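Trainee: Grab the two chains, each in its own frame, and use the hints to assemble them into the complex.
Residue numbers (the numbering used here), protein chains in the order written: chain A, 1 to 666; chain B, 1 to 247.
In short, the hints are calculated from the structure, not lab data. Any given hint could turn out to be false.
Stated by the list, open to error - One side only, chain A facing chain B, incomplete, derived with CB under 7 Å: (1) Q172; (2) I178; (3) Y477.
Unchecked claim - Derived lysine-lysine pairs resembling BS3-like cross-links, with alpha carbons at most 25 Å apart: (4) B:K91 / A:K411; (5) A:K533 / B:K48; (6) B:K48 / A:K567; (7) A:K584 / A:K533; (8) A:K584 / A:K510; (9) B:K11 / A:K584; (10) B:K11 / A:K512; (11) A:K184 / B:K200; (12) B:K48 / A:K512; (13) B:K25 / A:K533; (14) A:K411 / B:K25; (15) A:K200 / A:K512.
What the hints assert, rightly or not - So the derived label-pair ranges between C-beta atoms look like this: (16) B:F19 / A:G139: 53 to 59 Å; (17) A:R532 / B:Q78: 32 to 38 Å; (18) A:A388 / B:A217: 33 to 39 Å; (19) B:A141 / A:N654: 34 to 40 Å; (20) B:Q102 / A:G351: 49 to 55 Å; (21) A:K374 / B:K6: 50 to 56 Å; (22) A:G212 / B:S230: 41 to 47 Å; (23) A:V272 / B:S15: 37 to 43 Å; (24) A:G622 / B:S230: 52 to 58 Å; (25) A:L25 / B:S214: 53 to 59 Å.
In this text, all values refer to a predicted model and were calculated from it rather than measured experimentally. Every residue, glycine too, gets a C-beta built ideally from N, C-alpha and C.
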Amino acid sequence: MKLDAKIPEGPLDQKWTQYQSRVPLVSPANKRKLEVIVVGSGLAGASAAASLGELGYQVKCFTFHDSPRRAHSIAAQGGINAAKNYMNDGDSVFRLFYDTIKGGDYRAREANVYRLAEVSNAIIDQAVAQGVPFAREYGGLLENRSFGGVQVSRTFYARGQTGQQLLIGAYQALSRQISLGTVKMYNRHEMLDLVVVDGKARGIIARNLISGAVERCAAHAVVLATGGYGNVFYLSTNAMGCNATAIWKAVRKGAFLGNPCFTQIHPTCIPVSGDYQSKLTLMSESLRNDGRVWVPARKEDAEAIRRKQKTANDIPEEQRDYFLERRYPAFGNLVPRDVASRAAKVECDKGLGVSPTGLAVFLDFGAAIRRYGKSKASVSGMAQPDVATIEKLGREVIAEKYGNLFEMYEKITGENPYNTPMMIYPAVHYTMGGLWVDYNLETNIPGLFAIGEANFSDHGANRLGASALMQGLADGYFVLPYTIGHFLSGEIRTPAIDPASAPFVEAEQKCKLRIEQLLQTRGHQSVESFHRKLGKIMWEHCGMSRNLQGLQSAREAIRNLRSEFWKDVFVPGRADEFNPELEKAGRVADFLELGELMVVDAMHRNESCGGHFREEYQTGEGETLRDDQQFNYVAAWAWPDLDREPELTREPLNYEYVKIATRSYK
Amino acid sequence: MELQLKIWRQKNADSGGGFEVYRVKANEHMSFLEMLDVLNEQLIAERKEPVAFDHDCREGICGACSMVINGRPHGPNQGTTTCQLHMRFFKDGDVITVEPFQARAFPVIKDLVVDRSAFDRIIQAGGYISVNTGQPVDGNAIPIERDTSSLAFDAAACIGCGACVAACPNGSAMLFVAAKVSHLGLLPQGKIEQDGRVQKMVAQMDEEGFGNCSNVAACEAECPKQISVSNIARLNRALITVSFQSS
Chain A
1 MKLDAKIPEG PLDQKWTQYQ SRVPLVSPAN KRKLEVIVVG SGLAGASAAA SLGELGYQVK
61 CFTFHDSPRR AHSIAAQGGI NAAKNYMNDG DSVFRLFYDT IKGGDYRARE ANVYRLAEVS
121 NAIIDQAVAQ GVPFAREYGG LLENRSFGGV QVSRTFYARG QTGQQLLIGA YQALSRQISL
181 GTVKMYNRHE MLDLVVVDGK ARGIIARNLI SGAVERCAAH AVVLATGGYG NVFYLSTNAM
241 GCNATAIWKA VRKGAFLGNP CFTQIHPTCI PVSGDYQSKL TLMSESLRND GRVWVPARKE
301 DAEAIRRKQK TANDIPEEQR DYFLERRYPA FGNLVPRDVA SRAAKVECDK GLGVSPTGLA
361 VFLDFGAAIR RYGKSKASVS GMAQPDVATI EKLGREVIAE KYGNLFEMYE KITGENPYNT
421 PMMIYPAVHY TMGGLWVDYN LETNIPGLFA IGEANFSDHG ANRLGASALM QGLADGYFVL
481 PYTIGHFLSG EIRTPAIDPA SAPFVEAEQK CKLRIEQLLQ TRGHQSVESF HRKLGKIMWE
541 HCGMSRNLQG LQSAREAIRN LRSEFWKDVF VPGRADEFNP ELEKAGRVAD FLELGELMVV
601 DAMHRNESCG GHFREEYQTG EGETLRDDQQ FNYVAAWAWP DLDREPELTR EPLNYEYVKI
661 ATRSYK
Chain B
1 MELQLKIWRQ KNADSGGGFE VYRVKANEHM SFLEMLDVLN EQLIAERKEP VAFDHDCREG
61 ICGACSMVIN GRPHGPNQGT TTCQLHMRFF KDGDVITVEP FQARAFPVIK DLVVDRSAFD
121 RIIQAGGYIS VNTGQPVDGN AIPIERDTSS LAFDAAACIG CGACVAACPN GSAMLFVAAK
181 VSHLGLLPQG KIEQDGRVQK MVAQMDEEGF GNCSNVAACE AECPKQISVS NIARLNRALI
241 TVSFQSS
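Isolated chain B, as found in the complex (with noise of 0.2 Å):
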């Protein structure tokens, strides 16, 4: 299949970008990346310079790769990251426009990368149980219902890609927040220090530069992960019990 990419090329986080136009012959067995790889080839070979994008594991789990297709994080597929979409769900002739993940928190270093390190921080915020290596009980000592366990399962499955901001209209990063804050707080471990977790948490969200949730789900339909707003749900009713206690 032949193929007419728009890609958005930035030379770096201070210089202005723009969309350049490349044709590519891609089969439709190549992933999405292995078909950009065959492009960045092909400008080697005419001695241009490649586009930058982030990627590693290419098997949909580091949460390295991003980048928004046709519009999309991750392109059309649902719970797929940009590294398992397959060409196949192209066709030929197809014109394809590939951006950088946007948002205020999340500057651009390069064409298509972008810098995450804001979801680092939350994370060094309050993202963790206070547990040194060696203190604890047998692993046996702690039982926890299965379908809790699961549940936070579901949500300790974020990869943090950052998928969630770029679908949001306003930038938020509730559900990135919320899944951390459900999988440990649904956890009898980790439920001892939610009430500051969520707290710190939330606040670091705010000075990161993300914006505000209004409820629009754009982050469920493209998360991934497939990570369910109701764990946003889940954090809005941990914080207005907190501000409760706090008041």
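In isolation and in its complexed conformation, chain A is listed as follows (with noise of 0.2 Å):
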């Protein structure tokens, strides 16, 4: 099968005017007939939702939690970039485009992006608009910080919580909405399957959460906006909750799930303490504006620290290793996510980590506290100032800066950031890869479109810092309320679709049946234990570094890990009440069918881009090393049928605009 992206003709500046002023309309009388699901309500879910209920389509949202406001995009702490330019750095929209192509490191689609980079002001001004209160200069105006990858200023944010406030944002607008009676809300209801009706996805099949219903819903159309699939590591960044369940049960109806093994590791996560953690938790990268990352360059020094028997403190300027700024002058800490945890790696690989477990390093802000106190004491006219009060002053500032940040460290470790250096280690926290879609943000089955982190489309093999946010409300408010048009203006004569015909009632069955499979296993392992151990063999194999051998094994260790769930499982309670564990097994099922697909495309990618690192493919310096010659393209796998082999189709990457080139931070 060949993919077309359908991508429009004509120069890379205008596609998206062009596009716009062309595109078919669909007429407000129309659009009132027509309706739209739209599962998730995250950035993107909330932001589309909301956008194509005012536009006048009937749209039904779906979330598993008790509240649109409490999904994961509200964990988001640094910031939302976008090309303003004003700080008068040398920003556009160009440059946008441009960082972001390379810090993916050349495997994404230059059209997608470039729209992206060019809707992203307007993201800006919505948000200002609903009352997002980012943080402001003196004068009243907007202030940006710098994030990894980029060499300007261009992050908005609201101190740390920029995705709370974001998704506030988009919570608001959608309630508006539901007050309109526009948008019709389903909380505690989760997706368990896509409806295809005669080739076009016309509804779901959901299950209310408290009283374990099995419910069909329909529409003329359904959008994904379900995220990403991290907590296939278990461990990860990611909410409890989030799940692959919506974009795993689309491809198991035949969509296309595009490079699902590039998975971006983020170098500033919270180390792991013990085996019965449950989640990771993330410092925003924001801190590598001011924080500097270091190891002892001495073994001994590191041993030492493991012991307790010194600190961090202890350890002179000159026998610290700054081993960001030392490879990557030209970016120093803000190199991109993927360049930085891999870096940590290789201390922490060479026996230099300084947390009992070995793998952590430090991230420092002394310097910075020394800096801004000294530039603060003299803005209040002190002469000669005192370290002490440097110091203090300083830690003000840091405070106003990261506060949040500097707490939340302190709650978990029981360590007090502003005196000793918090320790940091690389986690699992986002997915590039995800549903394969067309510009219009289709996937190739007609009528089923993805947004946001549920789609694989803008960051190719590794994102940036502060993109997240901005992809997932640029799909929600300015992309796919136009884009569905493309898909909807041909069903103008299509009549309401009847939840009551055959495949709706078929994949009702199917999840009956498949629920009273869980809980009749009745055998002597629990959900958890599955995830834990899926969790372990994809970190061990398919994580920060993979090679042939270990993605083999992994791949076998899976399979059989699977058949063992299904006959081993133990699910308490029943299906009709609300019943969080058989929730989890239905989740952990589905993950166990993902997890062998990452693994077989990275088995198959035999080179390194982003943050899939293959051992055998690297340079001398232990950069990632890309083969452009053969693999200069999106994998995009089917796999209806487990019991054939996942099939790939290679949708090629032309870069027109952009000068492929190996990727260097130095």
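Mentor: Structural data, given as structure tokens:
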């Protein structure tokens, strides 16, 4: 099968404008007759549902949470990018586009990324109008800061809670549409299957999580905004409920999954402290604006720190290795996430790790505290401030910038990061892979759209910081509301979809059967224990560093674990009640399938790019070694039948505007 | 450390409930919810039903986790959600009582899980700025004083968890409503609709069965985001102003 990305003709910077002028419209009278299901209520889902409702479509929005405000977008800390160039530091739409393509290690589609950069500015305007309290300068204008992989300051932020504030903005827009009756909200409902009628996505099967009732919901089109699948690794920065079921069911119904092995490992997370741990906590990338990453230069110092005989403060400046600054002088501590993560792993593998497990490096604010302290003392007219005063003033500035992050760190670790450097280690954070979509954000199943982290489209093999919020909101507010018209304009003669038709009844039966199967296996192992085992396999063999042999063994291990799951899982409780274990069982069962496809994808991509580091393919300096001759494409996988091999379709990537080059941050 | 847990168990909204006592071994680095995970794994191993509780992000921001621990919503620490409460704040041998948030407007769904959808309906009544996608002017066209923006942020930090309601002897949602009214009303974009917003949100709050505010300020003490009761004063001022205008 040949994949058509449906990229519009014309020069790069005019494609979207021309598309908007030419895309078929749906009249207001017809919009009222067309129904759209949006699954998920995070940044992408809430903004899409609200915008589609404003346009006049009849929207049904589903979330497994008790309220749309709880989606995991809320936990995004650092910020959102836009090419406003408010800082007058040379930013532009093209530069944001270029940085994103380069940051993604040349594995994203040019036209989509350019459009993302183009609409980025409108997102900021929209959010400000909704009342999002972004950080401001004393003059009352919006403030920016820097994020990894770029040399301009284009990141807008709201303290360390940017995701929360943006989501509340979208949630409020959604709430307004709910009150106006254009959106009907289904809280505590989980999508269990996609319904395809005559080749088009026409609805979903959802379980009411309170009553346990399995329900059929029909619409003219279905939008999946269900986030990423980082929880396949068990330990990640994702929320406990984040899952892949919606996108995975779409794959099982014939949708293609794009680049499933592209996973982002975020360098600055609080290290794992024990085997009871349920999740990992991110420390925002914004901290790398001021924090310097280091390990002791000498192994004996690292060992002494691990044994708690020394602390970070005992290591003199000349015995510290600021390894990011050393290896990447041009970008220093602000190299992209994949680069920073791998560099930390290299140091820890050398035995220079600083936590009792040996898997941590320092993130140190000492220099920033002194720098800010001096500047504040000088502004306050102090001629000769002493060290204590400087440090006190500096801590105040740091507290203003990152206070909530420092508090969070202290709550979790019990250590005060103002006095001793933070300890951090990489952790799974985001999945660049996702459902394959064309320029319309439509999957290969007509009428099925995927937006936000759920699709694969904009970040290539590595996502830059503060770009996830940008993409979620770009898709939901400014792209999908146009592009869905491309499909729906052809549906104006289609009457309301009948949820009593055979494909719905059949899909419902299958879901009920699967629930029964989960409950009746009555084996001896908990769902949690399977999830942990899967996570361990994935992290060891398909995590920060991968090799063919490891991947082969991982595939075997996952297949065995999957068959063991269906023989020996124990799920307590009943189907017709509120049963969180049953919810979890369904999600883990899907992860056990998706995990295998990730491994298959990682195995086939015989190159290293972005977050996908295959040990066999690296430069002498340990950097990723791409193979543009053979792998300059999107890997779109079909796997409707688990008894057969997954089938690969390639979408070649044509770079017309960016010169494809070795990605260097040195 | 070994702990004794007295946990409220309730099958569903229609049935009665009661305390059950469990013993669990924990470690001081665990979060409170991870300690409950251990208990649940133990219960599952004994083929018993695990304790249901709402939780998701486990980093103090989604507002899903709730529960009253030793009589206090989100437990003993100030400015901390249950998911960020760590076991090092408890001692070996402690007896810990765990109950759901209790309020007329928050019916129990199961065990420690309550229905907080009343909060959504209050926001739907007017907790927004009426702006459609694509209409706005440039973000810098509306300069906002730094302090004002910061004050609005303090109110906007609300995570909608409902601890304020659970802490209030009257089960009032005044802090929740006041936080939203302050967040939007302090900003120039939100001022325009403020009068109507105040009336509609308060009317919805009353309709949902939340109690009245009698200035106890337990809400502020228990709020995991430490939202100030001065927001309630701001709401009351706005309410009085509106009532004069409409009469």
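Trainee: Compare the distance between the alpha carbons of B:K11 and A:K584 with 25 Å, and conclude whether the hinted pair is satisfied.
Mentor: Holds, at about 19 Å.
Trainee: Can the restraint linking B:K48 and A:K512 be considered satisfied, given a maximum Cα separation of 25 Å?
Mentor: 23 Å, holds
Trainee: If you draw a straight line from the CA of B:K91 to the CA of A:K411, is it 25 Å or shorter?
Mentor: Judged against 25 Å, a Cα distance of about 17 Å means the pair holds.
Trainee: Using 7 Å as the Cβ threshold, decide whether A:I178 counts as touching chain B.
Mentor: Holds, because the Cβ-Cβ distance from A:I178 to chain B comes to roughly 5 Å (cut-off 7 Å).
Trainee: Is the distance from the Cβ of B:F19 to the Cβ of A:G139 consistent with 53 to 59 Å?
Mentor: 58 Å, holds
Trainee: Between B:K25 and A:K533, is the straight-line Cα distance small enough, at 25 Å or below?
Mentor: 22 Å, holds
Trainee: Starting from A:K584, check that the Cα of A:K510 is at most 25 Å away, please.
Mentor: 18 Å, holds
Trainee: Taking only the CA atoms, is the gap from B:K48 to A:K567 under or equal to 25 Å?
Mentor: 20 Å, holds
Trainee: Hey, A:K584 versus A:K533, does the alpha-carbon distance stay inside 25 Å?
Mentor: Holds, because 15 Å separates the two Cα atoms, which is no more than 25 Å.
Trainee: Please test the hint of 41 to 47 Å on the beta carbon pair from A:G212 and B:S230.
Mentor: Since the Cβ atoms of A:G212 and B:S230 sit about 44 Å apart, the hinted range of 41 to 47 Å holds.
Trainee: That 33 to 39 Å hint for A:A388 and B:A217 (C-beta), does it hold up?
Mentor: 36 Å, holds
Trainee: The hint says 49 to 55 Å between B:Q102 and A:G351; measuring C-beta to C-beta, is that right?
Mentor: 53 Å, holds
Violated hints for the displayed structure: none, as all numbered hints are satisfied.
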